[in-house]
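So the chains spell out like this:
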Amino acid sequence: MMRVMPVVANLLLSLLAGCAGLPSLAPSAPLEPVAPPTSAAAPPSSAPAALPSPAPAAALPQAAAPPEAPSPSPSIAKAAPPTAPTPPKAPPPAASIPRADTPAPEIAKPKAPPLDLASLEQRLKSTNAIGVLTKLTLKNQVDDLLDQFRAYYQGKLKTTLADLHRSYDLLVQKVLALLQDSDPPLATAIVASRDAIWGILSDPKKFATI
Amino acid sequence: MTIHMKRLLIAFLAATGFATSSLAADDASVKKDLFTVITLQGLPCAEVVSFTTKTDNDHMVVCKDGNRYHVYVNAQGRVVVEKQ
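Those protein sequences? They're chains A and B, same order as listed.
The first sequence begins at 1 in our numbering and counts up one residue at a time.
The second sequence begins at 211 in our numbering and counts up one residue at a time.
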């Protein structure tokens, strides 16, 4: 027993050290994803969309579900007429019938991505995926972009809406690159709200209400 | 008595191990934060190898490629990265 104790202690300590050391292995690659964030963010968008429960969760299933539903339904609808004459394909038409009913909501869903800016802001503030200084830097860059929009609408800045859109996309991609690995649900929520936010920024009347 | 001492030693070592690993995790997260801030400003930094903290939001950073930066929050609340 006395001889076993040190061995057990060593095993315990090495296990503890190993487990505690694991999280520190991940810190190094926030920059590379800047280029491919949209493509990398897309896959998680469908998976975690079903997971989040808070307010944006209501947004996610609606935003994530439509893209999946529309693509199969047209293809199946197109495939259905040729298959109809063949007798053994009874199940596919059965599946296509409910999908044929869905096109009406499909058209409506992409047009109405729910946007909860307050919730997104709160989630960005409270996420642990981004450090404090990084959050502050991003806030500075968001403020700078909003100043550019303000100046543009006041006629003080000689630029185009396309340039501002590019700046907006770049900033969103930076945020997504930082979030996509450590906080995929929040990244998905931002992707879902991306166009809606641009809709506000690009409309002078809506922008004035911010 | 010996067993009691060994148990105490194990507990002490375990606590020390926890403290060390949590400090290392903090260090790594600050390095990651500083690295992200520097690169978000468009400045080169292969990897943050070390940093010294002057005050809460004032750091001197050394990158693996030899670049050194002063990263701090100014009076206007902006994160400033100055190449040294």
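If you're looking for bench data, these hints aren't it; they were derived computationally from the structure.
Incorrect hints may appear among the rest.
The calculated lysine-lysine pairs, modelled on DSS-like cross-linking and capped at a C-alpha distance of 30 Å, are [as the list claims (entries may be wrong)]: (1) 125(A) - 206(A); (2) 274(B) - 158(A); (3) 156(A) - 139(A); (4) 216(B) - 139(A); (5) 125(A) - 205(A); (6) 139(A) - 125(A); (7) 156(A) - 205(A); (8) 264(B) - 293(B); (9) 205(A) - 139(A); (10) 125(A) - 135(A); (11) 216(B) - 135(A); (12) 156(A) - 274(B); (13) 293(B) - 139(A); (14) 125(A) - 216(B); (15) 135(A) - 205(A); (16) 206(A) - 135(A); (17) 206(A) - 139(A); (18) 158(A) - 135(A); (19) 264(B) - 139(A); (20) 264(B) - 274(B); (21) 206(A) - 156(A); (22) 158(A) - 139(A); (23) 156(A) - 135(A); (24) 206(A) - 264(B).
Going down the list of hints, with the structure as the test:
For the given pair, residue 125(A) sits about 24 Å from residue 206(A) by alpha-carbon distance, which is consistent with the 30 Å threshold. For the suggested pair residue 274(B) and residue 158(A), the alpha carbons sit about 40 Å apart, so the restraint of at most 30 Å is broken. With a C-alpha separation of about 23 Å, the suggested pairing of residue 156(A) with residue 139(A) holds against the 30 Å cut-off. Between residue 216(B) and residue 139(A), the direct Cα distance comes to roughly 52 Å. Violation of the 30 Å bound is thereby established for this hinted pair.
Of the supplied pair hints, the one linking residue 125(A) and residue 205(A) holds, its CA atoms being roughly 27 Å apart against a limit of 30 Å. Of the supplied pair hints, the one linking residue 139(A) and residue 125(A) holds, its CA atoms being roughly 10 Å apart against a limit of 30 Å. A threshold of 30 Å between alpha carbons decides the hint, and for residue 156(A) with residue 205(A) the separation of about 17 Å falls inside it, so the pair holds. At most 30 Å may separate the alpha-carbon atoms for a hinted pair to count; residue 264(B) and residue 293(B) meet this at roughly 16 Å.
About 23 Å separates the Cα atoms of residue 205(A) and residue 139(A), which keeps this hinted pair within 30 Å; it holds. A hinted pair counts as satisfied when its Cα atoms are at most 30 Å apart, and residue 125(A) with residue 135(A) qualifies at roughly 7 Å. A distance of roughly 46 Å separates the Cα atoms of residue 216(B) and residue 135(A); the hinted pair therefore is violated under the 30 Å criterion. Pair hint residue 156(A) plus residue 274(B) does not hold up; C-alpha atoms about 42 Å apart against a cutoff of 30 Å.
The suggested pairing of residue 293(B) with residue 139(A) holds, with an alpha-carbon distance near 22 Å, which does not exceed 30 Å. With a CA separation close to 46 Å, the supplied pair residue 125(A) and residue 216(B) exceeds the 30 Å bound. Between residue 135(A) and residue 205(A), the direct Cα distance comes to roughly 28 Å. Compliance with the 30 Å bound is thereby established for this hinted pair. Restraint check for residue 206(A) and residue 135(A): the C-alpha separation of about 26 Å stays at or below 30 Å, so the hint holds.
Between residue 206(A) and residue 139(A) the alpha-carbon distance is near 21 Å, which keeps this suggested pair within the 30 Å criterion. Restraint check for residue 158(A) and residue 135(A): the C-alpha separation of about 29 Å stays at or below 30 Å, so the hint holds. Note on residue 264(B) and residue 139(A): the hinted pairing holds, with a Cα-Cα distance of about 23 Å set against a maximum of 30 Å. Our distance criterion of 30 Å between C-alpha atoms is met by residue 264(B) and residue 274(B), whose separation comes to about 20 Å.
A threshold of 30 Å between alpha carbons decides the hint, and for residue 206(A) with residue 156(A) the separation of about 19 Å falls inside it, so the pair holds. Of the pairs offered as hints, the one joining residue 158(A) and residue 139(A) holds, with about 24 Å between alpha carbons and a cut-off of 30 Å not exceeded. Under the criterion of a C-alpha separation no larger than 30 Å, the hint pairing residue 156(A) with residue 135(A) is consistent with the structure, at around 29 Å. At roughly 43 Å between alpha-carbon atoms, residue 206(A) and residue 264(B) are farther apart than 30 Å, so this suggested pair is violated.
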